[in-house]
Structure formats: structure tokens, C-alpha cells
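Whenever a hint applies, use it, and build me the whole structure from the sequences.
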Amino acid sequence: MITYLLRRILLGLVTLVVITLMVYGLARSMPGNPLTVQLGESDPSRKLNPEDQQRMLEIYGLDKPWPVGYVQWISKVIQGDLGRSITRKQPVTQLIGERIGPTVLISGTALFLTWFLAIPLGLYASARGGRIDERFTGLVLYALYSFPTFVAALFLQIIFAVWLRDTHWELPLFGMSDLSSDAPFFARCRDVAWHAILPITCQTYVVLAYNSRFIKANLEEVVRQDFIRTARAKGAGPWRVLVHHAFRNTLIPLVTLLGLSLPALVGGSVIIEQIFTWPGMGRLFFESIRERDYPTIMGLTLMFSVLTLAGQLLADLLYSIVDPRVNVE
Amino acid sequence: MRVSEEIEAAKPSRGFWSDAWQRYRRRPIGMLALGFVLFLTIVAIFAPAIAGTKPVVCSYKGTLYFPCLGYFNRSWESPIFTKDKFRGTYPKNLKQKDPESWAVWPLVFQDPYRRVRENEWPGRRENPSRDEGHPNRWNLFGTDQYGVDIFAKMVHGTTIALLVGFVSMGLAGSIGVLVGALGGYFGGWVDMITSRLTEIVMCIPTLVLILALIAVVEKPTIWKTMAIIGATGWTGIARLTRAEFLRLRQTEFVMAARATGAGSLRIMFRHILPNALAPVLVPITFGIASAILVEGSLSFLGFGPPPPTASWGSVLNSARSNLQLWWLVVFPGAGIFLTVLAYNLVGEGLQEATDPRLREAKK
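Chains as they are written, first to last, in the numbering used here: chain A, 1 to 329; chain X, 1 to 363.
Incorrect hints may have been included.
The calculated lysine-lysine pairs, modelled on DSBU-like cross-linking and capped at a C-alpha distance of 35 Å, are [said to hold, decoys possible]: (1) X:K97 to X:K83; (2) A:K76 to A:K89; (3) A:K64 to X:K219; (4) X:K61 to X:K92; (5) X:K219 to A:K89; (6) X:K224 to X:K83; (7) A:K64 to A:K89; (8) A:K64 to X:K224.
Hints listed in this document are in silico derivations from the structure and should not be mistaken for laboratory results. Please read these numbers as outputs of a predicted model, since none were measured by experiment.
Here is the structure:
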């Protein structure tokens with residue numbers, strides 16, 4: 001067990017180095033640099049003169065070729081320092097800390113809702129497989145699965161923020177909060193929850209459609225096996241067979257899926273956060289690419305890849321808990 | 001034995017693909033989806049003849065021209081029209097400069113790239129602009145804030161939507177099959193390298209990788225966007241191909257091929273690949289759907305191909321700041337949705353028709 005873990009972690013570290021090297025090289029090959037992109041866009045007259053720019057580049061260590069910059073970055077990371085954002089004048093860790101809450105609020109709720117709804121839906125679909133009501137829900141879920149989130153987000157915005165304006169059903173168009181920070185606590189909670197409804201809906205429905213279909217497909221495969229026939233033959237009721245015998249044997253693929261959704265939980269969705277101008281991680285990533293803010297890009301990349309690798313490892317370890325026959329070694 | 005039975009017996013049994021086609025045909029939804037994709041293909045090919053302001057065929061000063069081809073490629077529009085100062089408006093100029101001329105016009109006289117002006121077509125009013133462009137008789141799907149017709153944009157955007165699917169998945173499929181085949185067939189350190197490579201690309205969030213690549217490529221065109229989508233979307237295909245190759249390289253027919261002295265490349269691509277093709281084709285079909293989605297979201301975020309390109313996502317992007325113009329959302333949204341749905345359904349049908357495990361279940 002220990003050797004297995006050590007091997008996986010070592011392998012993961014090598015993967016991490018290659019990923020960050022690739023992304024760093026990519027980021028540094030993007031045209032422009034944080035100074036030119038930021039100042040040139042806001043006000044042409046504030047453009048730095050070449051000497052100042054050269055001096056600033058030296059301060060940030062951007063005057064050297066990118067492999068040198070990468071070595072500097074990674075040696076700092078090993079010491080536990082993700083560096084400072086160039087465009088936001090803030091440590092990257094602090095920036096991530098500010099953005100992680102709003103993202104988890106959306107994606108955590110969405111993740112909970114999807115699993116909370118997907119498992120009963122999947123069970124229902126395979127219990128009533130082929131009946132007219134199941135085929136109808138199946139079709140609706142399939143259509144939802146193909147429905148692009150950005151279109152759904154626009155539709156929801158049109159319905160709830162434009163057509164239902166000035167009714168009880170009006171929902172805010174974007175942002176996270178309209179109230180100032182000195183408003184009463186409960187009023188602020190309610191305000192944030194109000195703003196979060198549309199983004200949560202958008203993030204939930206696609207994953208819900210996918211997951212319930214996934215659960216159903218796995219159940220259908222298990223239901224065909226011999227031990228299910230045995231369970232039926234010994235007189236177990238249809239629900240007991242489905243939940244107790246069949247569903248428990250579909251847990252492995254579900255655990256994998258859960259492990260793979262770990263990075264999305266913290267990473268958020270670039271598109272949804274961008275549409276609803278939600279101050280989360282996805283938006284931070286989007287902005288940092290646009291601003292060429294290398295330390296932030298790298299900090300976020302590192303976090304995403306660590307979480308992806310950790311999710312895979314976690315899924316593999318959970319296998320052996322869910323199914324004692326699986327031996328990780 | 002009667003003659004007819006003898007003929008029946010002498011007929012070769014149905015091959016794998018014709019068998020799969022027989023199975024596929026039994027699914028009405030799958031056939032409907034396939035029909036929709038065919039319909040889109042026809043729309044894409046004949047886009048300039050369906051909506052445009054350039055004649056499909058015209059006779060000008062005694063010669064035949066096909067100015068509508070200019071929508072596919074600028075240089076395919078005869079230079080004589082630039083020389084004679086047509087400036088893109090054909091109906092009046094044709095009659096003025098050559099009274100003998102005649103022309104066959106597109107079904108809908110609207111342009112995907114510019115606003116149609118008053119009396120450009122005799123008796124036709126100017127396209128409404130800003131928030132007045134509700135769907136109407138002349139603008140079936142309405143107009144955007146600059147007065148450009150949405151129907152024309154949708155028709156011409158079909159070409160892009162289909163091309164994005166085919167080109168980017170063609171590229172992703174080739175990379176994925178190649179990487180997966182190498183890893184699965186050779187195993188050992190080759191497999192080690194290709195598997196790690198796949199894992200690395202999978203670890204970076206796709207949209208972020210694409211955004212970074214687009215930033216690196218200065219002056220994005222639709223072709224570069226397609227190449228980038230393709231270059232980032234091959235990992236799933238590679239993993240599946242690798243698994244198939246791992247399974248098939250131990251079979252008897254591969255051993256037989258090796259015994260007859262076939263080389264590695266020949267075994268990989270002549271013997272194993274045709275047998276591994278069906279399971280690989282399914283994720284490629286789903287990949288086409290997701291490539292269309294990715295292109296849509298890129299254009300939607302404003303990272304798509306530059307303005308003159310009419311893509312469905314860019315219409316949606318213009319709707320973001322004008323939410324009252326619901327027709328800017330409904331029509332392109334429905335276009336993307338139906339196309340993605342159709343490809344997903346085709347993929348699903350393909351899976352059920354070719355996967356022997358699912359076939360057993362239906363018996």
C-alpha cells in the first residue's frame with residue numbers, strides 16, 4: 001500500500017513538472033506581457049517608456065528567457081511560495097483564497113444537487129425501463145445533455161431578468177451581491193443566494209443529465225448478470241434487487257466519476273462564471289490569461305493539475321473500499 | 001435443393017458494416033438525426049444559393065458568371081465585378097451596366113455580412129436595426145443591432161458549424177488513433193511515453209488550454225481555431241484506441257499476419273485498425289458534437305474567429321449585451337442545440353449498432 005502510494009505520488013510529481021513546464025512555456029509565448037497588455041488597453045498615454053518597461057521586466061524577472069523564468073518559479077513553489085500577481089498586486093494564494101469561496105458555493109451546491117437527483121433518477125429509469133414515462137424522461141434528459149450551457153444561461157437570463165422584470169420571479173442578471181458589506185448578515189445571505197440560483201441551475205442540469213444516464217447504463221449492465229437472477233429467484237422484491245443487489249455493484253464507475261469531478265468543484269466553470277460575472281476561479285483563470293498574469297496562470301494551473309491527479313488517485317483508492325476484491329497493488 | 005436456395009447459400013454473408021447499417025436503420029430516432037445532419041450538409045453546401053445578395057448565375061456582357069461562389073472564397077468571384085465598380089450590390093448595377101443581362105438569384109435576398117439597404121432590391125425596405133429587428137416577412141429570423149439578417153447568418157454559419165466538426169475531429173481522430181495505436185501495439189516504453197502524454201494533456205483544463213493556444217496564435221482564423229480544437233480533443237480517442245489495440249494484438253489473426261511476415265505498420269493499420277474502428281468511431285461522433293459546442297462557446301466568449309466569419313456562436317455573443325433581442329438567442333441557440341443533439345443521437349445509434357455487448361442485451 002505504502003509503496004503503491006509512493007510510486008503514484010512520484011509519478012504524479014513528474015507529470016506535474018511536465019504540465020507546468022508546458023503551460024509556462026505556452027503562457028510566455030503569448031504575445032505581449034502583463035505590463036503592455038494592462039496599461040496599453042486602459043489608456044494609451046500611460047504606456048511605459050522603453051527604459052521603465054525594461055526596469056519593470058527586470059523586477060518581475062521577465063527579462064530572461066522563459067526556461068530560466070520557469071526554474072525560478074518552480075524553485076519558489078518548492079519553498080511554498082506561489083508568487084505575487086503582477087496585474088493585481090496581491091499574493092496568488094490570497095487571490096485564490098478570495099475566489100475559491102464563491103466558486104465552491106456554486107459548484108458544491110451543483111455537485112450535491114446532481115448526485116442527490118441523479119441517483120433516484122437513474123434508479124427510476126432502470127426500474128421502469130422501456131415504459132412510456134421512462135422513455136419520455138429519458139428523452140428530456142438526453143435533450144438537456146445536448147443543450148449548451150451558454151444558450152441555457154442566455155435563455156434563463158432573458159426569462160428571469162428581462163421578461164419577468166418587476167415581478168416576484170425576477171432574478172438578478174449577474175454579479176454575486178447588490179448589497180454593501182455593512183448590510184445585515186441574513187439579508188446578505190439571501191441576496192447572494194438569489195444571485196446564485198441561475199448559475200447553479202446552469203451548472204446542475206448538464207451534469208445531472210449526464211450522470212443519471214451514466215447510472216442507468218451501468219445498472220442495465222449489472223441487471224443482466226446471473227446473481228440478479230438468483231436474487232429474484234430467492235424472492236427479493238424488485239426495489240430490493242435494484243437498490244441492494246444491483247446498485248451497490250455499480251458504485252465503482254460512480255466513484256471514478258466523482259473523483260474526476262473534484263477539479264471542477266474547485267475550478268469552477270469559465271463559461272458560467274463569465275456569463276453571470278461571478279467572481280470565482282474560472283473567471284480568474286480567464287482574466288489572468290487575458291492579462292498575461294503569469295504567476296496567477298501558473299498558480300491556478302498547478303492547483304488544477306494537483307486536484308486532477310489527486311482525484312484520480314482518490315478514485316483508485318476508493319475502489320478498494322467500495323469493492324474489497326480490488327487490490328490497489 | 002431448389003435453385004433459389006442454392007443462390008441464397010452461395011451469397012456471401014453480410015459484412016460487419018452492412019450488418020451494423022441494418023441495425024442502425026431500425027432506430028427511427030437515429031435515422032431522423034442522420035437525416036438532420038444530411039439536411040445541414042445540404043444547407044452548408046448550397047448556403048450562397050439559399051441566402052445571399054450575389055446572383056447564383058448571371059449573364060453579364062455576354063459571359064456567364066457565378067458570383068455567389070464569392071461567399072466561399074473571395075477570389076472565386078470574378079474580378080470583372082470589382083473592375084466595373086459593383087461594390088457588392090448586384091441587382092441595380094447589373095441592369096444599369098448591361099441591360100441585356102439576366103441573373104438567377106438566391107432564394108432569400110439577404111446578406112450575412114452587411115445590412116441590406118433600401119431599394120437595393122426593387123421595392124424592398126431597409127433592414128431594421130437596433131432593437132426593431134423583430135422577425136418579419138423579409139427577415140425571417142430578425143436582424144441584429146446593425147441590421148444584418150440573422151437567417152442569412154444562420155445559413156452561412158452552417159458551413160462553419162459542420163466544418164468545425166469534421167476538420168477538428170478529423171485531426172483529433174488521427175492524432176488519437178496514432179498515439180493510441182503506437183502505445184497499445186508496441187507496449188513497453190512506447191506505451192509509457194504515450195500514456196503519460198495523454199495523461200498530461202488530460203490534466204490541463206481543455207478550455208484553458210484552448211484559450212492559451214488561441215492567444216499564442218496571433219490573428220486567429222476559423223481554420224486555426226479548428227486546428228486548436230482538434231489538437232486538444234484527442235485524449236479520449238487515444239485511450240480507447242490503446243485499449244482496443246492491447247486487446248487485439250494478442251488475437252490469432254494478428255499472430256497469423258505476423259507469421260506471414262507482415263511488418264508492424266501493416267499489421268497495425270491493415271489488420272488491427274479495421275477491427276478497432278467501430279468502438280473508436282463512436283467517441284469521434286460524440287467528439288464532433290463537443291467540437292461544435294467548444295467552437296460555439298469560444299465565439300460566445302469572444303475568442304472565436306474574427307468578425308467577418310458568420311458563426312452561430314458569434315450571433316449569441318452579440319445577444320449577450322442585448323438581451324431584449326430574444327431572436328438573437330433563440331435561433332442560433334436552437335441551431336447549436338439541434339446539431340449537437342443530432343450528432344449525439346447518431347453516435348448513440350452507432351454505438352448500439354456496433355457494440356456486440358449491447359446487441360446481446362436486446363435479444
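>> Need the status of pair K219 of chain X, K89 of chain A: alpha-carbon distance at most 35 Å?
In response: Since the Cα atoms of K219 of chain X and K89 of chain A sit roughly 30 Å apart, the hinted pair holds (cutoff 35 Å).
> Are the Cα positions of K97 of chain X and K83 of chain X separated by 35 Å at most?
Replying inline: holds, 12 Å
>> Run the distance test for K64 of chain A versus K89 of chain A: straight-line Cα separation, threshold 35 Å.
In response: At roughly 21 Å apart (the allowed maximum being 35 Å), K89 of chain A and K64 of chain A satisfy the hint.
>> Just to be careful, I want the Cα atoms of K76 of chain A and K89 of chain A compared with a cutoff of 35 Å; is the pair within it?
In response: holds, 18 Å
> Is the hinted pair K64 of chain A and K219 of chain X satisfied, with a Cα-Cα distance of at most 35 Å?
Replying inline: At roughly 26 Å apart (the allowed maximum being 35 Å), K219 of chain X and K64 of chain A satisfy the hint.
>> So if I understand the rule, the pair passes when the alpha-carbon distance is 35 Å or less; does K61 of chain X with K92 of chain X pass?
In response: At roughly 15 Å apart (the allowed maximum being 35 Å), K92 of chain X and K61 of chain X satisfy the hint.
> Between K224 of chain X and K83 of chain X, is the straight-line Cα distance small enough, at 35 Å or below?
Replying inline: The given pair, whose Cα atoms are some 32 Å apart, holds under the 35 Å limit.
>> Just to be careful, I want the Cα atoms of K64 of chain A and K224 of chain X compared with a cutoff of 35 Å; is the pair within it?
In response: holds, 29 Å
Checked against the numbered hints given earlier, the structure satisfies every one of them.
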